[in-house]
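All chains should be built: construct the whole structure from the sequences, respecting the hints.
2 protein chains.
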Amino acid sequence: MGKVEKQYYSFAHPPQKLVLESGAELGPVTIAYETYGTLTKEKDNCILLTHAFSGDSHAAGYYREKGEEEKQGWWESMIGPGKGIDTDKYFIICPNILGSCMGSTGPGSVNPETDSPYALSFPMVTIRDMVDTQKTLLDHLGISQLHAVIGGSVGGMQVLQWCVQYPEMVRAAIPIATTMRHSALAIAFNEIARQSIMADPNWNKGSYYGQTRPDMGLAVARMVGHVTYLSDEAMRRKFGRRLQDKEIFSFGFNADFQIESYLRHQGNKFVNRFDANSVLYITKASDYFDVVDQMSESGPINNSQQDQIKYLIISYTSDWLYPTYQAKELIKTLKRTGQDVSSCEIEADCGHDAFLIPDDRLSSLIGGFLNGIA
Amino acid sequence: MGKVEKQYYSFAHPPQKLVLESGAELGPVTIAYETYGTLTKEKDNCILLTHAFSGDSHAAGYYREKGEEEKQGWWESMIGPGKGIDTDKYFIICPNILGSCMGSTGPGSVNPETDSPYALSFPMVTIRDMVDTQKTLLDHLGISQLHAVIGGSVGGMQVLQWCVQYPEMVRAAIPIATTMRHSALAIAFNEIARQSIMADPNWNKGSYYGQTRPDMGLAVARMVGHVTYLSDEAMRRKFGRRLQDKEIFSFGFNADFQIESYLRHQGNKFVNRFDANSVLYITKASDYFDVVDQMSESGPINNSQQDQIKYLIISYTSDWLYPTYQAKELIKTLKRTGQDVSSCEIEADCGHDAFLIPDDRLSSLIGGFLNGIA
Chain Y
1 MGKVEKQYYS
11 FAHPPQKLVL
21 ESGAELGPVT
31 IAYETYGTLT
41 KEKDNCILLT
51 HAFSGDSHAA
61 GYYREKGEEE
71 KQGWWESMIG
81 PGKGIDTDKY
91 FIICPNILGS
101 CMGSTGPGSV
111 NPETDSPYAL
121 SFPMVTIRDM
131 VDTQKTLLDH
141 LGISQLHAVI
151 GGSVGGMQVL
161 QWCVQYPEMV
171 RAAIPIATTM
181 RHSALAIAFN
191 EIARQSIMAD
201 PNWNKGSYYG
211 QTRPDMGLAV
221 ARMVGHVTYL
231 SDEAMRRKFG
241 RRLQDKEIFS
251 FGFNADFQIE
261 SYLRHQGNKF
271 VNRFDANSVL
281 YITKASDYFD
291 VVDQMSESGP
301 INNSQQDQIK
311 YLIISYTSDW
321 LYPTYQAKEL
331 IKTLKRTGQD
341 VSSCEIEADC
351 GHDAFLIPDD
361 RLSSLIGGFL
371 NGIA
Chain R
1 MGKVEKQYYS
11 FAHPPQKLVL
21 ESGAELGPVT
31 IAYETYGTLT
41 KEKDNCILLT
51 HAFSGDSHAA
61 GYYREKGEEE
71 KQGWWESMIG
81 PGKGIDTDKY
91 FIICPNILGS
101 CMGSTGPGSV
111 NPETDSPYAL
121 SFPMVTIRDM
131 VDTQKTLLDH
141 LGISQLHAVI
151 GGSVGGMQVL
161 QWCVQYPEMV
171 RAAIPIATTM
181 RHSALAIAFN
191 EIARQSIMAD
201 PNWNKGSYYG
211 QTRPDMGLAV
221 ARMVGHVTYL
231 SDEAMRRKFG
241 RRLQDKEIFS
251 FGFNADFQIE
261 SYLRHQGNKF
271 VNRFDANSVL
281 YITKASDYFD
291 VVDQMSESGP
301 INNSQQDQIK
311 YLIISYTSDW
321 LYPTYQAKEL
331 IKTLKRTGQD
341 VSSCEIEADC
351 GHDAFLIPDD
361 RLSSLIGGFL
371 NGIA
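Protein chains in written order, with my numbering: chain Y, 1 to 374; chain R, 1 to 374.
Be aware that one or more of the hints could be misleading.
Quick look at which bits of chain R chain Y covers, simulated, 3 or more residues with Cβ under 8 Å [what the hints assert, rightly or not]:
1) 44-57
2) 60-72
3) 260-274
Residues of chain Y clear of chain R, computed beta-carbon distances all greater than 12 Å [as the list claims (entries may be wrong)]:
4) Ser-116
5) Ile-143
6) Pro-167
7) His-226
8) Thr-228
Taking CB as the label site, the calculated pair distances span [as the list claims (entries may be wrong)]:
9) R:Lys-238 / Y:Thr-38: 50 to 56 Å
10) Y:Arg-264 / R:Glu-70: 55 to 61 Å
11) Y:Arg-264 / R:Lys-17: 43 to 49 Å
12) Y:Gln-244 / R:Glu-113: 29 to 35 Å
13) Y:Ser-342 / R:Lys-71: 52 to 58 Å
14) R:Glu-68 / Y:Glu-69: 56 to 62 Å
Honestly, the hints are just simulated from the structure, not real lab data.
Backbone N, C-alpha and C define an ideal beta-carbon position, used for all residues, glycine too.
This is the structure in structure tokens:
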């Protein structure tokens with residue numbers, strides 16, 4: 001993939017605001033997105049790619065934002081000519097989620113009614129709301145049928161939400177390293193991240209725009225996140241107890257171990273690219289997410305055989321944020337309602353984040369599945 | 001057990017300061033401790049009990065600190081007449097660890113040379129240093145032989161340290177839910193806790209005594225700790241996705257889920273009883289701890305058959321802070337050197353903290369083992 005371009009679609013202009021799941025209204029709404037490949041005249045080769053918690057619309061190719069270095073897409077290994085998601089065949093859309101800070105409307109966006117950033121006056125958004133804005137974008141592009149919806153982690157929640165909310169539009173769904181709903185453990189880690197941000201006095205009840213930002217709290221929140229994305233085994237392999245740059249202990253509070261400096265680095269890197277309030281909103285949206293009841297109902301009673309969605313459910317053995325037993329629950333739920341389900345539990349020691357790491361097995365798995373869809 | 005009394009032993013008075021593992025000197029040193037049961041005239045029925053990270057010397061019975069409610073010991077279920085650790089037979093000593101804030105000298109103690117709290121001028125202490133101060137306390141009490149050393153988690157590290165540092169004094173050792181050294185994952189969680197404390201501006205590079213304390217950072221640190229002490233399964237059973245006190249989502253940043261308010265409560269409770277700097281020192285001590293080489297060497301070549309320590313190694317299936325594979329490594333290491341090792345992997349879904357929960361299996365296991373020691 002070569003250079004790509006970020007595009008924007010703005011809608012829900014007042015007074016026709018978007019009504020959110022909570023009942024609150026929001027408008028106008030801008031969704032940033034990128035596309036790769038070419039849409040057929042019949043508009044029947046579209047794949048919607050939904051990104052994870054801290055992801056963005058820049059999934060493939062190279063893109064330079066003003067003043068920044070050229071940046072490679074987060075799934076460059078997967079998307080391109082001849083790759084797992086083949087841009088010679090498919091037209092891929094990757095929208096930035098509502099509530100984020102990478103181009104789409106979120107708590108850091110300016111509220112046109114006050115001319116100031118929303119901050120905590122931004123209404124709570126849910127995974128359903130994110131999917132609704134994606135549907136509006138597709139309507140705008142004249143796309144009424146999706147060859148597939150694909151996404152990992154919080155992106156996988158959006159995939160499942162698409163299947164229960166607009167099943168008639170979805171031919172195939174590939175939820176990866178995800179869950180039908182958060183366990184207490186996943187909620188706990190998200191709550192720790194939120195508390196860490198809100199404990200930073202610079203957070204200032206969310207009103208820090210144009211002032212000192214809650215970088216310390218956000219960095220700790222990111223460190224927590226990073227540990228949940230890795231696995232015990234991957235961390236042992238990658239870091240073990242190796243020391244940073246000395247052969248002896250500092251007997252102080254410097255980063256002695258490589259794992260310590262790695263986490264500090266990840267925390268500090270994150271504060272330069274992400275908005276703390278967006279972390280609050282997106283983690284809460286994923287905690288609220290729960291499609292167990294809806295997935296249990298969307299069986300063949302509701303869908304005719306022809307309308308059935310083809311599922312490919314992918315999980316990783318070492319994912320302890322959304323462990324494989326949760327993928328198995330999803331598979332069981334779908335099979336109980338007679339759905340067309342394929343699944344693959346990939347043996348990998350690198351934890352939840354495994355789907356973001358270039359992997360030929362994943363590419364051929366997804367490529368083969370996409371080609372097999374009628 | 002009835003009322004108990006906290007006692008104090010002060011030593012290493014300048015200029016005879018204690019030389020620490022780092023080479024730094026510290027003195028005077030006070031160790032707070034409690035005892036239960038009666039020491040025989042032969043002083044041969046002593047059990048040393050070593051406590052975990054945030055524990056204290058108050059392991060059994062009831063004790064009231066000025067202005068506080070009467071408090072039950074943290075292992076009341078285990079220690080007492082006829083219990084697993086039988087006070088009719090044994091004389092139990094439980095010292096508060098060096099570096100803590102529950103009576104023994106730590107960073108919150110007043111440095112007599114400056115008449116101010118040490119804060120970060122307190123030297124780094126290690127598990128070896130903790131054990132050295134316990135040895136000094138035993139010397140003071142005229143105890144030269146330990147029927148057993150027993151402890152869980154960071155207390156288990158002290159048990160292992162005793163076995164490599166003063167093997168001739170130890171007849172039996174019961175390390176519970178512990179490890180020969182921290183994995184990258186365990187270091188990572190400790191580093192997050194430290195960073196959370198140090199991110200709180202009230203931490204003020206450790207000099208907050210007499211001022212506003214870094215309660216926010218400390219609370220988040222404790223929340224992180226609490227998640228590592230539980231297990232996915234226990235959290236699902238105990239909290240699941242149950243809501244706090246409403247039947248609907250708040251669509252805000254209140255604690256919607258019970259797990260959220262539980263963690264907030266644990267965090268807030270902790271700041272009232274523990275010192276943030278002590279968290280920094282004790283977590284670092286446990287990260288530094290590594291007896292793999294020493295345990296591998298202390299084989300029958302060094303110890304005659306009669307001097308052998310009898311080990312009972314206890315681990316929990318759902319402990320993901322020090323998973324059972326780490327207990328197995330310890331068992332393997334000890335067996336390779338011909339040690340006398342018994343072990344038990346207890347099936348329990350409540351995670352690392354399982355050893356603190358009243359459990360008849362654990363009581364009879366420990367009771368039986370202690371009675372079987374010659």
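Structure-based check of each hint:
Check result for the segment 44-57 of chain R against chain Y: violated, 0 residues qualifying (beta carbon to beta carbon below 8 Å, three or more required). Only when three residues or more bring their CB closer than 8 Å to a CB of chain Y does the claim for the segment 60-72 of chain R stand; here the count is 0, and the claim is violated. Note: the segment 260-274 of chain R has 4 residues with beta-carbon separation from chain Y under 8 Å; the three-residue rule is met and the coverage holds. Listed as outside the interface, Ser-116 (chain Y) is consistent with that label: its C-beta sits roughly 20 Å from the nearest C-beta of chain R, beyond the 12 Å cut-off.
No beta-carbon of chain R is positioned within 12 Å of the beta-carbon of Ile-143 (chain Y); the least distance is around 30 Å. For Pro-167 (chain Y), the requirement that its beta carbon stay farther than 12 Å from each beta carbon of chain R is met, with the minimum near 24 Å. Not every Cβ of chain R is farther than 12 Å from the Cβ of His-226 (chain Y); the closest lies at roughly 8 Å, contradicting the non-interface assignment. For Thr-228 (chain Y), the requirement that its beta carbon stay farther than 12 Å from each beta carbon of chain R is not met, with the minimum near 10 Å.
Distance hint check for Lys-238 (chain R) and Thr-38 (chain Y): the Cβ-Cβ separation is about 53 Å, which falls inside the suggested range of 50 to 56 Å. One distance hint, 55 to 61 Å for the beta-carbon pair Arg-264 (chain Y) and Glu-70 (chain R), is violated here, with the actual separation near 43 Å. Evaluation of the 43 to 49 Å hint for Arg-264 (chain Y) and Lys-17 (chain R) yields a failure: the beta carbon distance comes to about 34 Å. Between Gln-244 (chain Y) and Glu-113 (chain R) the C-beta distance comes to about 32 Å, which sits within the given range of 29 to 35 Å.
With their beta carbons about 57 Å apart, Ser-342 (chain Y) and Lys-71 (chain R) fall inside the hinted range of 52 to 58 Å. Against the hinted window of 56 to 62 Å, the Cβ-Cβ separation of Glu-68 (chain R) and Glu-69 (chain Y) comes to about 58 Å, which satisfies the hint.
The structure is inconsistent with the numbered hints 1, 2, 7, 8, 10, 11, although it conforms to all the rest.
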